[in-house]
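Construct the complete structure from the given sequences, taking the supplied hints into account.
Line by line, the protein sequences give chains W and E. Note that our numbering numbers the first sequence so that position 170 is 170, with each residue one more than the last. Count along the second sequence from 1, then add 1000; that gives the number in our numbering.
Certain hints may be false.
Unchecked claim - Derived list of chain W stretches under chain E, where covered just means 3 residues or more per stretch with a C-beta under 8 Å from a C-beta of chain E:
| # | stretch |
| --- | --- |
| 1 | 35-46 |
| 2 | 60-70 |
| 3 | 104-117 |
| 4 | 140-146 |
Unchecked claim - So the derived label-pair ranges between C-beta atoms look like this:
| # | chain 1 | residue 1 | chain 2 | residue 2 | range |
| --- | --- | --- | --- | --- | --- |
| 5 | E | E1005 | W | R77 | 21 to 29 Å |
| 6 | W | S117 | E | F1063 | 58 to 66 Å |
| 7 | W | E75 | E | K1030 | 14 to 22 Å |
| 8 | W | T21 | E | K1030 | 27 to 35 Å |
Unchecked claim - Subject to a maximum C-alpha distance of 27 Å in a straight line, what follows is the list of computed DSSO-like cross-link-like pairs (lysine-lysine):
| # | chain 1 | residue 1 | chain 2 | residue 2 |
| --- | --- | --- | --- | --- |
| 9 | W | K10 | E | K1030 |
| 10 | W | K62 | E | K1026 |
| 11 | E | K1030 | E | K1126 |
| 12 | E | K1029 | W | K53 |
| 13 | E | K1126 | W | K14 |
| 14 | E | K1026 | E | K1064 |
| 15 | E | K1174 | E | K1119 |
| 16 | E | K1021 | W | K14 |
| 17 | E | K1087 | W | K71 |
| 18 | E | K1174 | E | K1030 |
| 19 | W | K14 | E | K1030 |
| 20 | W | K71 | E | K1026 |
| 21 | W | K10 | E | K1180 |
| 22 | E | K1126 | E | K1029 |
| 23 | E | K1026 | W | K80 |
| 24 | E | K1119 | W | K62 |
| 25 | E | K1030 | E | K1119 |
| 26 | E | K1131 | W | K14 |
| 27 | E | K1055 | W | K81 |
| 28 | W | K53 | E | K1131 |
| 29 | E | K1119 | E | K1180 |
| 30 | W | K53 | E | K1173 |
| 31 | W | K81 | E | K1021 |
| 32 | E | K1029 | W | K71 |
| 33 | E | K1126 | W | K80 |
| 34 | E | K1174 | W | K53 |
| 35 | W | K80 | E | K1119 |
| 36 | W | K14 | E | K1180 |
| 37 | W | K80 | E | K1055 |
Hints were generated in silico from the structure; no laboratory data involved. The model shown is predicted, which means the values in this text are computed figures rather than measured ones. Virtual Cβ for every residue (Gly too), placed ideally from N, Cα, C.
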Amino acid sequence: MKNSCSSISKLLEKYFDREVTEKERVLVEGHLQDCLACRNALRSMEELRTLIKVPVEEAVQKEEFPWVWQKIEREIRLQKKLTWWQTLRSWIDVSPLLKRKVWIPAAATLVVLLLISAQIIFQKTPSYPDASVVEYVESQTDNVMVYQLEKPKVTVIWLFEGPEKEQTTL
Amino acid sequence: MNPEENEVISRCQQGDEEALKEIFDKYHKKVYRIAYGVVRHREEALDIVQEVFIKLLHSIKNFKGRSQFYTYLYRMTMNTAIDHARKTGKQFFSSLDEEGSFEPRDELEKGPERLFLQKELEERVKLAMNKLPAEQKAALIFRDVEGLSYQEMAEAMGCSIGTVMSRLHYGRKKMQELLKEYVGLHGQDRDSSDPQGQNLPRSKKD
Chain W
1 MKNSCSSISK LLEKYFDREV TEKERVLVEG HLQDCLACRN ALRSMEELRT
51 LIKVPVEEAV QKEEFPWVWQ KIEREIRLQK KLTWWQTLRS WIDVSPLLKR
101 KVWIPAAATL VVLLLISAQI IFQKTPSYPD ASVVEYVESQ TDNVMVYQLE
151 KPKVTVIWLF EGPEKEQTTL
Chain E
1001 MNPEENEVIS RCQQGDEEAL KEIFDKYHKK VYRIAYGVVR HREEALDIVQ
1051 EVFIKLLHSI KNFKGRSQFY TYLYRMTMNT AIDHARKTGK QFFSSLDEEG
1101 SFEPRDELEK GPERLFLQKE LEERVKLAMN KLPAEQKAAL IFRDVEGLSY
1151 QEMAEAMGCS IGTVMSRLHY GRKKMQELLK EYVGLHGQDR DSSDPQGQNL
1201 PRSKKD
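Below, the structure is given as structure tokens:
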């Protein structure tokens, strides 16, 4: 029994794409022997495939790819640097303190407080460059501290008479 | 997926650039073929290849191995190429003498007239392809350029085999209409070269 073109045409594209079973292949090829229209339809598909495929294959064959990989490597390195920077930026942006830039007056206030504290702490402490304590004597009335200066070879004797009084003798 | 490829993918998922290089060595021509099939322009296709492999390094963590790796890569390539073509929009306005189109030196030896005709034909194919919906274009490239089976295409396109066949059918039909000056000019004389249909495709079991 001869198959009609309409029944075969459903299989023709599958046949062209090599997706038919062995049984279907025999069926289609049997029909193609006698049917010029279906053979032409098949040939049209082949021509279309050639038109689509051949320029692509030619382009692939003529192309050199090693430098493409070099470009990819460069781009990845560049992105890594950007990523590090972007991470930092995003951290800065995420932190509400830094985002609002309140850290500038906060830091300035801290510095001022430190300066004031330092002034209070070191106010009553004598400052002699290159001085070293030689002797320190405590008593009920006076406390004596003897400093030795290295260069001018001067000895400083510091007398503490009480919490409010102090006297320096050179 | 073979164990070797599995191991390479696993290394790449951990950010190993050497593993990415191995994947590039294996697949760059296939990726280029798909990209070139979509944009039909050398420089743009190379840009797409670059973009795909950089994307892959970042997105390969999402590959769970539920499908073949190459279908995952082909799908990514196709999406990137179609997006690229949409963004540039150049394909609708490109002319025959555009700079950057592929023109190897030995092509010039074919003679200016033949070269002109060839370029004109390529341009017509390109314009026709650009008139297809993206899904039909993808189906034609996967099948006619890359030679994927229906099953592989269904995996790469995330659809059923029936949908693949439908997209291929309508894509081919439209292309034949758009390129009727070049396709399907079968007179008696042309058919006489193969009167009994001897040069026919074989079944997939052959």
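Against the structure, the hints:
| no. | hint | in the structure |
| --- | --- | --- |
| 1 | 35-46 | holds (count 7) |
| 2 | 60-70 | holds (count 6) |
| 3 | 104-117 | violated (count 0) |
| 4 | 140-146 | violated (count 0) |
| 5 | E:E1005 - W:R77: 21 to 29 Å | holds (26 Å) |
| 6 | W:S117 - E:F1063: 58 to 66 Å | holds (60 Å) |
| 7 | W:E75 - E:K1030: 14 to 22 Å | holds (20 Å) |
| 8 | W:T21 - E:K1030: 27 to 35 Å | holds (28 Å) |
| 9 | W:K10 - E:K1030 | violated (30 Å) |
| 10 | W:K62 - E:K1026 | holds (18 Å) |
| 11 | E:K1030 - E:K1126 | holds (19 Å) |
| 12 | E:K1029 - W:K53 | holds (14 Å) |
| 13 | E:K1126 - W:K14 | holds (25 Å) |
| 14 | E:K1026 - E:K1064 | holds (20 Å) |
| 15 | E:K1174 - E:K1119 | holds (21 Å) |
| 16 | E:K1021 - W:K14 | violated (37 Å) |
| 17 | E:K1087 - W:K71 | holds (22 Å) |
| 18 | E:K1174 - E:K1030 | holds (25 Å) |
| 19 | W:K14 - E:K1030 | holds (24 Å) |
| 20 | W:K71 - E:K1026 | holds (17 Å) |
| 21 | W:K10 - E:K1180 | holds (22 Å) |
| 22 | E:K1126 - E:K1029 | holds (20 Å) |
| 23 | E:K1026 - W:K80 | holds (24 Å) |
| 24 | E:K1119 - W:K62 | holds (16 Å) |
| 25 | E:K1030 - E:K1119 | holds (23 Å) |
| 26 | E:K1131 - W:K14 | holds (24 Å) |
| 27 | E:K1055 - W:K81 | holds (17 Å) |
| 28 | W:K53 - E:K1131 | holds (17 Å) |
| 29 | E:K1119 - E:K1180 | holds (17 Å) |
| 30 | W:K53 - E:K1173 | holds (17 Å) |
| 31 | W:K81 - E:K1021 | holds (20 Å) |
| 32 | E:K1029 - W:K71 | holds (16 Å) |
| 33 | E:K1126 - W:K80 | violated (37 Å) |
| 34 | E:K1174 - W:K53 | holds (17 Å) |
| 35 | W:K80 - E:K1119 | violated (41 Å) |
| 36 | W:K14 - E:K1180 | holds (22 Å) |
| 37 | W:K80 - E:K1055 | holds (13 Å) |
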